[in-house]
Amino acid sequence: MSIRWIRYISFATLFAAPVFAGLLWSEDPNITENPGGNEVAVNDGNNPDRITLEDYNPIAIDDPTIQVEDLTVDRRYASDGRGEILDVMFTIHNITNDPMDLYVWVLAYRETNAIDENDRKWIPYPVWRINDPARRQNVVHFMKITPKDIPPEKIWGPKADPKDPDGPYEDQKEIIERMRDSVAAIRPIPELLPPAWMYVAYVNRYPTQGLRMTLYGDTTPPPDKLTLSDYVPPTPEEKRTKVFKNIDKHTYTVEQLRRKSIFRSHHYIRYKVDYEFYNTVAIVLFDAEAAEKYEQQAANGVAEGEEVVNPMLHYQIYQIKRDMKIR
Numbered sequence: 001m002s003i004r005w006i007r008y009i010s011f012a013t014l015f016a017a018p019v020f021a022g023l024l025w026s027e028d029p030n031i032t033e034n035p036g037g038n039e040v041a042v043n044d045g046n047n048p049d050r051i052t053l054e055d056y057n058p059i060a061i062d063d064p065t066i067q068v069e070d071l072t073v074d075r076r077y078a079s080d081g082r083g084e085i086l087d088v089m090f091t092i093h094n095i096t097n098d099p100m101d102l103y104v105w106v107l108a109y110r111e112t113n114a115i116d117e118n119d120r121k122w123i124p125y126p127v128w129r130i131n132d133p134a135r136r137q138n139v140v141h142f143m144k145i146t147p148k149d150i151p152p153e154k155i156w157g158p159k160a161d162p163k164d165p166d167g168p169y170e171d172q173k174e175i176i177e178r179m180r181d182s183v184a185a186i187r188p189i190p191e192l193l194p195p196a197w198m199y200v201a202y203v204n205r206y207p208t209q210g211l212r213m214t215l216y217g218d219t220t221p222p223p224d225k226l227t228l229s230d231y232v233p234p235t236p237e238e239k240r241t242k243v244f245k246n247i248d249k250h251t252y253t254v255e256q257l258r259r260k261s262i263f264r265s266h267h268y269i270r271y272k273v274d275y276e277f278y279n280t281v282a283i284v285l286f287d288a289e290a291a292e293k294y295e296q297q298a299a300n301g302v303a304e305g306e307e308v309v310n311p312m313l314h315y316q317i318y319q320i321k322r323d324m325k326i327r
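Heads up: the sequence shown begins at 1 in the numbering used here, then just goes up one per residue.
You may find that some hints are simply not true.
What the hints assert, rightly or not - Okay, derived cross-link-like pairs now, DSS-like style, lysine-lysine, Cα gap no bigger than 25 Å in a straight line:
| id | residue 1 | residue 2 |
| --- | --- | --- |
| 1 | 242 | 225 |
| 2 | 154 | 242 |
| 3 | 148 | 293 |
| 4 | 321 | 154 |
| 5 | 272 | 242 |
Because the hints were derived from the structure by calculation, they are not lab data.
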């Protein structure tokens, strides 16, 4: 099912000091202006993975060297019978003659506003009250990332940041407590994940943890590089018992051709109570050489007279607006 017609969703830019300004929606992810400035946070060794608003800079340079298009999504049953898989496919074109190395991230998740539909069935929102804060709050219910997941504790700590006591952790904590304290709460409310912008901030801060691949130019890839994949074949025991234990470990398949690569990411999700499927996909691409230099700057600081590197080449969010038929 093609979702090119729903590409009007873009990315959120959250900048303020010290409070968020909110979400800024755009159709074009490649904006040359950088309202966040050129600051790069220096890693002082204390909780180096903790993400703050200062780390969030999702503005991509309008780079003419690559083009991402033909994005499609597909929903299918997992062969282990325990869940389903979202397949995301898109094509990366090399507009130059020379090969280039990239770091690729694909984030698939379910994001909704903070309204608990079960709660609202029992206690409707007052019709006379126009402002409904829960409609302006977004929560992430689950997240699966290619090439590897990011544990929530890498993004935020178990309690609020003393430097930002009213930050995103406390915002999410208030949402979950409101749901649990409702008199209409008839089911367990799980812990919510960090907001989506914090995952993007982590990816932007540590781009080299993504999948490194070569986007070939005029020269066709060698035979042993035509396909990249982390597929784990079933063992003889798994084939005999039909119990496959590594379904969730297969996260990408890349077909590499002359001047383009066809990228497929696979996002597994287990069946559970109140099961729901993905509704959002984000694609983030970085120039590999610039990404490595950027991380060095972030760790060691920017030398006097040196320009801050922005390695991001592409960033786009897609919302899946239709119910996907499973095959």
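Verification of the hints:
{"no.": "1", "hint": "242 / 225", "result": "31 Å, violated"}
{"no.": "2", "hint": "154 / 242", "result": "35 Å, violated"}
{"no.": "3", "hint": "148 / 293", "result": "22 Å, holds"}
{"no.": "4", "hint": "321 / 154", "result": "30 Å, violated"}
{"no.": "5", "hint": "272 / 242", "result": "21 Å, holds"}
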